[in-house]
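Number of protein chains: 2
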Amino acid sequence: MSNHELPRTEQTRVKRLDEKQVFDRDALNALLDEAIFGHVAVVREGKPLVLPVGIGRDGNHLLVHGSTGSGIFREIADGRDVCVAVTLLDGLVYARSAFESSMHYRSAVIMGTATVIEGDQKLAALATLTNHMMPGRWDEVRETTKKELAATMVLSIPLDVASVKVSAGPVDEFEDDGDDRSIWAGILPLRVVAGDPVPSEMTPEGTPVSPSVIAQTQRLV
Amino acid sequence: MSNHELPRTEQTRVKRLDEKQVFDRDALNALLDEAIFGHVAVVREGKPLVLPVGIGRDGNHLLVHGSTGSGIFREIADGRDVCVAVTLLDGLVYARSAFESSMHYRSAVIMGTATVIEGDQKLAALATLTNHMMPGRWDEVRETTKKELAATMVLSIPLDVASVKVSAGPVDEFEDDGDDRSIWAGILPLRVVAGDPVPSEMTPEGTPVSPSVIAQTQRLV
Chain A
1 MSNHELPRTE
11 QTRVKRLDEK
21 QVFDRDALNA
31 LLDEAIFGHV
41 AVVREGKPLV
51 LPVGIGRDGN
61 HLLVHGSTGS
71 GIFREIADGR
81 DVCVAVTLLD
91 GLVYARSAFE
101 SSMHYRSAVI
111 MGTATVIEGD
121 QKLAALATLT
131 NHMMPGRWDE
141 VRETTKKELA
151 ATMVLSIPLD
161 VASVKVSAGP
171 VDEFEDDGDD
181 RSIWAGILPL
191 RVVAGDPVPS
201 EMTPEGTPVS
211 PSVIAQTQRL
221 V
Chain B
1001 MSNHELPRTE
1011 QTRVKRLDEK
1021 QVFDRDALNA
1031 LLDEAIFGHV
1041 AVVREGKPLV
1051 LPVGIGRDGN
1061 HLLVHGSTGS
1071 GIFREIADGR
1081 DVCVAVTLLD
1091 GLVYARSAFE
1101 SSMHYRSAVI
1111 MGTATVIEGD
1121 QKLAALATLT
1131 NHMMPGRWDE
1141 VRETTKKELA
1151 ATMVLSIPLD
1161 VASVKVSAGP
1171 VDEFEDDGDD
1181 RSIWAGILPL
1191 RVVAGDPVPS
1201 EMTPEGTPVS
1211 PSVIAQTQRL
1221 V
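Those protein sequence lines, which keep their order, are chains A and B. Numbering-wise (the working numbering), the first sequence opens with residue 1 and increments by one. Numbering-wise (the working numbering), the second sequence opens with residue 1001 and increments by one.
Treat the hints with care, as some may be off.
Pairs of lysine-lysine residues, derived as BS3-like cross-links and limited to a Cα-Cα distance of at most 27 angstroms, are as follows [stated by the list, open to error]:
1. A:Lys-147 - A:Lys-122
2. A:Lys-146 - B:Lys-1015
3. A:Lys-15 - B:Lys-1047
4. B:Lys-1015 - A:Lys-122
5. B:Lys-1122 - A:Lys-15
6. B:Lys-1020 - A:Lys-147
7. B:Lys-1146 - A:Lys-47
8. B:Lys-1147 - A:Lys-20
9. A:Lys-20 - B:Lys-1015
Honestly, the hints are just simulated from the structure, not real lab data.
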């Protein structure tokens, strides 16, 4: 298996609309790098629990962070199985039938167990996470204190058992399915954009907006 | 408990940043109605599995639909426990420290078991789902065929065990925490917008864009 190819296993096999599965690791990385957050699921007392979580990526590992007091983070740190889904909605697909109506999206599902990042690597991982969600911000903010570092848990999940599904094709329409062509069909593209930055109460008037915030605004247009 | 108040149980208690939990059912409904998709989690062979799924709402029930051939839908239909998270990212919170940097979001976590909707109610539920994701579209598309109806599974999950968390406040900043005020702090609002509709290959030139598509474009600005 090439390092650039995602694994073809039963666990990562997309069962529905499998023609949309892609095995390109670059596609996984690009999706994760564009996404700001994902959803992490664990089994708690035999039942599923899923919560939103900010994400980062360090090479072939997904990073998540949270409070050391967080129940779900402590459970994941204990080595229980975790599943993370990261989804970007790219558009709505207006077909001529409700049945063929769908969405354009890119989604990744990552399965595995996490390692707690500690010691010298922890601060670097926090920098990676911060710069993932807010590119360039790490070097603008004040230094993280020892107390803050101790209160934060950073978890790393290998991007080994991962599947990626991309829905980006044309509208499903057929010459002979009896559709009324007078119905407009097509794609409505969707994207996330940033509004105007709003300074905090304690930011002195006239303080220039940080370069990282301006860059984020320009990235999200 | 008022019908407008969400339950205060151990299962729905927000454990982290509990001051952000809201118990207003209207807030839950508004969040679900604005969202186009969520993430559904189940336990499969003892491990968590989470996937993105389009959503709808019928009063006090969350609706999801998928193929009758979908493994996860069949598992949910069998009555196993399900957890659905629906999250909207409203902004990035740029604090003066990485530690206090965060996001504005609204998120709902719904737990329970699902009922399969069949018979006379199924078509109405599909209309609700279609109009949730694409308001007004149901009356524009051709009728759903019996074959399509048979191939679709519609599941209903009661909005009884649900918790809502809203992060919408000011940046966490303190007079005495040693922050350098020269660092800009503030909120970068984010929102989803629609681009220009792109007609499908088989849509005859000059076909007017459907009113529901125009309405969606105007809703997402």
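Tested hints:
With a CA separation close to 13 angstroms, the supplied pair Lys-147 (chain A) and Lys-122 (chain A) stays within the 27 angstroms bound. Our distance criterion of 27 angstroms between C-alpha atoms is met by Lys-146 (chain A) and Lys-1015 (chain B), whose separation comes to about 24 angstroms. About 17 angstroms separates the Cα atoms of Lys-15 (chain A) and Lys-1047 (chain B), which keeps this hinted pair within 27 angstroms; it holds. Straight-line distance between C-alpha atoms of Lys-1015 (chain B) and Lys-122 (chain A) comes to about 24 angstroms, which keeps the hinted pair within the 27 angstroms bound.
Between Lys-1122 (chain B) and Lys-15 (chain A), the direct Cα distance comes to roughly 24 angstroms. Compliance with the 27 angstroms bound is thereby established for this hinted pair. Under the criterion of a C-alpha separation no larger than 27 angstroms, the hint pairing Lys-1020 (chain B) with Lys-147 (chain A) is consistent with the structure, at around 23 angstroms. Of the supplied pair hints, the one linking Lys-1146 (chain B) and Lys-47 (chain A) is violated, its CA atoms being roughly 35 angstroms apart against a limit of 27 angstroms. Of the supplied pair hints, the one linking Lys-1147 (chain B) and Lys-20 (chain A) holds, its CA atoms being roughly 23 angstroms apart against a limit of 27 angstroms.
With a CA separation close to 38 angstroms, the supplied pair Lys-20 (chain A) and Lys-1015 (chain B) exceeds the 27 angstroms bound.
The structure is inconsistent with the numbered hints 7, 9, although it conforms to all the rest.
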